[in-house]
Amino acid sequence: MKLTDLMKDISQYISVLKPFPDEYIDITSLNIYKNNQTEFTTGCLYLGNISDITVDLNNINFLGIFIQNEVNIDLERYNLNSDICIIKSKKEKYDLFSELLNIMNQEIRLSLCSQRFFDVVSENKGIQYLIDIAHEEFGYPMIIRDSTFKILAHSYDVSDILQLTEDSNGDKYLDEETINYIKYQNIHKKIHYNKSIKEENKPDNWIGTLISSVCVEEIEIAHIAICEWKIPFNKFHFKLLESLNKALSLELQKNNLFNIDKKLIPNYILSDLLEKKYLDDDTISRRFHYLNWTKSNSLNIMVIVNKDNNYFDSKVPFIMQSLSAFIPSNNCVVYKSTLVVFINDSLIHNLIEHENKDFINYLKLNSLYAGISPRFSKLSDSWKYYIQAKKASEIAQKYDINFSPFGKSIPYILYELLSTNYDLYDLNHPAVTKLIEEDKKNGSNFLETLKQYIYFNNSPSKAAEVLNIHRNTLFYRINKIKEITGITLDYADEILQIYISIKMIEINSRNKTCFNTYTGM
Numbered sequence: 000m001k002l003t004d005l006m007k008d009i010s011q012y013i014s015v016l017k018p019f020p021d022e023y024i025d026i027t028s029l030n031i032y033k034n035n036q037t038e039f040t041t042g043c044l045y046l047g048n049i050s051d052i053t054v055d056l057n058n059i060n061f062l063g064i065f066i067q068n069e070v071n072i073d074l075e076r077y078n079l080n081s082d083i084c085i086i087k088s089k090k091e092k093y094d095l096f097s098e099l100l101n102i103m104n105q106e107i108r109l110s111l112c113s114q115r116f117f118d119v120v121s122e123n124k125g126i127q128y129l130i131d132i133a134h135e136e137f138g139y140p141m142i143i144r145d146s147t148f149k150i151l152a153h154s155y156d157v158s159d160i161l162q163l164t165e166d167s168n169g170d171k172y173l174d175e176e177t178i179n180y181i182k183y184q185n186i187h188k189k190i191h192y193n194k195s196i197k198e199e200n201k202p203d204n205w206i207g208t209l210i211s212s213v214c215v216e217e218i219e220i221a222h223i224a225i226c227e228w229k230i231p232f233n234k235f236h237f238k239l240l241e242s243l244n245k246a247l248s249l250e251l252q253k254n255n256l257f258n259i260d261k262k263l264i265p266n267y268i269l270s271d272l273l274e275k276k277y278l279d280d281d282t283i284s285r286r287f288h289y290l291n292w293t294k295s296n297s298l299n300i301m302v303i304v305n306k307d308n309n310y311f312d313s314k315v316p317f318i319m320q321s322l323s324a325f326i327p328s329n330n331c332v333v334y335k336s337t338l339v340v341f342i343n344d345s346l347i348h349n350l351i352e353h354e355n356k357d358f359i360n361y362l363k364l365n366s367l368y369a370g371i372s373p374r375f376s377k378l379s380d381s382w383k384y385y386i387q388a389k390k391a392s393e394i395a396q397k398y399d400i401n402f403s404p405f406g407k408s409i410p411y412i413l414y415e416l417l418s419t420n421y422d423l424y425d426l427n428h429p430a431v432t433k434l435i436e437e438d439k440k441n442g443s444n445f446l447e448t449l450k451q452y453i454y455f456n457n458s459p460s461k462a463a464e465v466l467n468i469h470r471n472t473l474f475y476r477i478n479k480i481k482e483i484t485g486i487t488l489d490y491a492d493e494i495l496q497i498y499i500s501i502k503m504i505e506i507n508s509r510n511k512t513c514f515n516t517y518t519g520m
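Per numbering that gives the first Met the number 0, residue 0 is the first one in the sequence shown, and the count goes up by one each step.
Watch out, some of these pointers could steer you wrong.
[What the hints assert, rightly or not] Once the Cα atoms are required to be at most 20 Å apart in a straight line, the calculated EDC-like pairs of lysine to aspartate or glutamate come out as: (1) Lys253 with Asp312; (2) Lys479 with Glu493; (3) Lys390 with Glu274; (4) Lys377 with Asp344.
[To be verified] Derived CB-CB ranges, DEER-like: (5) Glu354 with Leu100: 53 to 63 Å; (6) Asp307 with Glu165: 34 to 44 Å; (7) Pro231 with Gln11: 15 to 25 Å; (8) Lys377 with Pro459: 38 to 48 Å; (9) Asn444 with Glu354: 22 to 32 Å.
Honestly, the hints are just simulated from the structure, not real lab data. Small disclaimer: the values here were computed from a predicted structure and weren't measured. Ideal Cβ positions, reconstructed from N, Cα and C, are used throughout, including at glycine.
Modelling step: build the complete structure from the supplied sequences, incorporating the hints.
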């Protein structure tokens, strides 16, 4: 325990008159100094009146000392160049001393519990045994589930407060009502931004539920929920959950629940498709019965990468496990340090056509980026559409777009081609350049108005809504823009040139933002 943590814990009882010069000292192993001691050694923690110390403080190297404030004390006669803190207490000395001991005892208990968790992991007794031990320490019902809401382990008393369902294989899952609640409350996003959360809106016999994500290689693979059943949580439980999370992460890395089946035949078939090794669709069809795919008239290819390509290969098993909530594992292949997914008819509608929000949130939470190819029908063309999906994933990664269909990546590809050889400002349509200057000079909003008007060409009402102005005000501005620039907006060529100019400016601005974020500028 750091000294700074201890100071925070007792801050409600004291006011600091002279702070410690170094509050990051580890005080876990300090001895408590007693008033009747005749020797004062290093590694002592003292709480009391400075005048009660019976030894000479001069030139003694203290590791840490609390001294309760006294009125009109002569501090000149003490050596205060060591780690001394002068405080004024709102409690009696012995009450504060008792509070201090409680805090330190809690830290000792936390260390012992944490050690017990990691001992279980080293004993290789499995995740259920780890949850049983954790249940003994927490004293609350607890459950751990994966991204498909499958139960990996739970304490014996969970069934008293939670309904579980069981499939034909004997695997247990959360019931539909609980799953819908988790999705409706957006629990995943709350956990992502807060590491762990206390969810209050639960059944009457639950005061709340402490929920936290379990990650391996920065990939969220499971959630643990600890049910605050009748007795409220305290600060200790939040700290203990951090240790349990680390132990669960280690356990799940070696647990067979998270080993990918070695489906070598599907893997080599899909890899060969990407490398253009099959010459005709008949040959492909003869081999594809191994994959156990449902018959599909069309496909998309998705390439999934992680941020900056850091240690992606080591993360793949856990990505595939968590991804199984959306895509069957036999649709995936690891290829050239990316995860390539073949998306058939049964997945296209929900996953791509409607840009599934749950899937996009999954990508964001795990710092993953997906590039998606256009739809195609001939499996022998897979290599060509893989290249397009790969390019879209590179665009997604570079510009921080978690879900990037190839069609929406084309302006970014065009931007990179043009910016390599030209100054983009010189390629602007004259009207765009004129409006930039006009906005800068007069503080107007003409360029944004023109952009929204072009983007929503068939719906001026929508453009006005986005701009937060009246429809008539929109038309007034457009007429003013035509007057200033001389454009008519009657011809496709003119509109296309203006659109491209505005899009290049937008991407250029985003590129600078992403670069600064990446470099820390």
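Going through the numbered hints above, which ones does this structure break? Give me the numbers in ascending order. Checked against the structure, no hint fails, so every one of them is satisfied.
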